[in-house]
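Protein sequence lines correspond, in order, to chains A and B.
For the first sequence, the residue numbers in this note's numbering are 1 to 150.
For the second sequence, the residue numbers in this note's numbering are 1 to 423.
Simulated from the structure, these hints should not be mistaken for laboratory data.
Even glycine gets a Cβ: it sits at the ideal position worked out from N, Cα and C.
Treat the hints with care, as some may be off.
[Claimed, not checked] In the EDC-like style, the derived pairs of lysine to aspartate or glutamate whose C-alpha atoms are separated by at most 20 Å in a straight line are:
hint: 1; chain 1: B; residue 1: 216; chain 2: A; residue 2: 47
hint: 2; chain 1: B; residue 1: 216; chain 2: A; residue 2: 148
hint: 3; chain 1: B; residue 1: 216; chain 2: A; residue 2: 103
hint: 4; chain 1: B; residue 1: 216; chain 2: A; residue 2: 134
[Stated by the list, open to error] Reference listing, derived: stretches of chain A covered by chain B, where coverage requires no fewer than 3 residues with Cβ under 8 Å from a Cβ of chain B:
hint: 5; stretch: 18 to 24
hint: 6; stretch: 92 to 103
hint: 7; stretch: 113 to 124
Spelled out, the chains give:
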Amino acid sequence: MTTNEQELQILLVEDNPADAELTMDALREGGLVNKVQWVKDGAEALDVLFGHGTASAAETRRLRLILLDLRLPRVDGIEVLRAVRADERTRRLPVVVLTSSREEVDIVRAYDLGANSFLVKPVESEEFMKSVGELGLYWMLLNKLPGEIR
Amino acid sequence: MKEEILQQRAEARRREALLKTGALQNAIFNSANFSSIATDEEGVIQIFNVGAERMLGYTAAEVVNKITPADISDPQELLERAAALSLEFHTPIAPGFEALVFKASRGIEDIYELTKIRKDGSRFPAVVSVTALRDAQNAIIGYLLIGTDNTARKQAEEALHERNMEIHQLNIKLEERVQRRTAELEAANQELEAFAYSVSHDLRSPLRAIDGFSRKVLMGYGDKLDDEARRQLQVVRDNAQSMGKLIDDLLAFSRMGRREMDLQPLDMDAMVRSVADELRAAEPQRAIEFAFSPLPRACGDAAMLRQVWVNLLANAIKFSRQRPVAHIDVGGQTEGGEVIYWVKDDGAGFDMQYAGKLFGVFQRLHRQDEFEGTGVGLAIAQRILHRHNGRIWGEGKPDAGATFSFSLPLLSPKDPLSGEQSS
């Protein structure tokens, strides 16, 4: 593994600290060593992605996956998704919606706005650990982004 | 001699005919059902029959050679009639007798409605038909006005009109009520949707935390806990999970009531077989014998009716698991205006005295440690069938199996289902 690959990151946008902690546990149990950056609302997510200054995640291209909750304070997940898809620098970035919602409208809206995947967080924790762990492995290790196949 | 007889006979026939004509004329003029008033060419009444006397309250002697029919007509209506005729014929017509007979004097057939005034001053609507009477040279020598009392018909007309207005008013009120109710229902539906949305978001997260962190404690500190502490934590987890299932099932139940329906003809044979295969595959260790009779086709929402089959077959499989080999019969037939389907098992059955609780939400007839479940499956099935204007019912006997049947109306896909078509 090169230094560059180790720096690849996951941006976790989740307002519920318990969910965030369990999600990070699950990624770790799933075997991922990648850095996860956790932000608690949509506004903070937009700051990290497009914040002023040279260190914004979109600029440095270190980001490989966004795990996005939908119901967030201030700027909700749908708005974040819209902004990510509207920006040239992030429009191909995989976004997995990770939410408690089982509502059809949310699924349709998320896909309409270009979400790559939609996972309803299971209540049962074994199932939760397994789903989130596998999801992390798939998107971080198996999925290929443009320019990664040589 | 012979000629004389013939002449006498002819004379007799003539006299007979005359008598007959006279009798007819008498009958006409003495009829009490319509008034016959004959005037001279100036309008002065010459003949005033029994009917006229009865209708107007005057005796013939009081009017003959004294007044014209205009004198016993509503003056305002005469004015209006004269004005209208003046306009129509481009000639000034006086609002008196002339207005009553002008058309007839021109040889135009004329029947009109007019308010007549009785001797006692009371009024009644009359329908009057006017004919000009002419001599051999075709000169007008008078007029014949035949009238009928239109009161009864007028009253009936007015009553009918009033009734129609009433019905119209009621319809408007009903329409308003339907609109108000619809608005209320829509508002309630939106509230329910908001509620379901919020439940689905907000209630599941804390449960996930309860279960997830209990698991973390068990995994991270399990060695520091004794058996009883671990058991108790497991109880916490089990209950968080079962509450999660309850919430999911409740949301599924609510979704079934809100979903839009897509009606189409359905091959129930294929549908039930694929459901049975799926459910059987989920329990490979069980010995289950299905017996399918040919099923009539139905019309309905495919996803929803599939859910009905899933719930009924899953129940049949669940409640027959104490049998070494479970037998499940699936059948159907067309009966009257509906199609009826049934699923029969030889499982645990139930006591018919609790049959009323079968389809209630969260109602269960078995203990959780006998058969697991949330008690929503049959409620969902019933909700789906009600939305299809169908019915569902169950028969059972403890330890002797249960039969669940449901009916759907015979419909073509174009027939609108009354009631809740859209959510």
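Hints, one by one, checked against the model:
no. : hint          : verdict
1   : B:216 x A:47  : violated (32 Å)
2   : B:216 x A:148 : violated (37 Å)
3   : B:216 x A:103 : violated (29 Å)
4   : B:216 x A:134 : holds (19 Å)
5   : 18 to 24      : holds (count 3)
6   : 92 to 103     : holds (count 5)
7   : 113 to 124    : holds (count 4)
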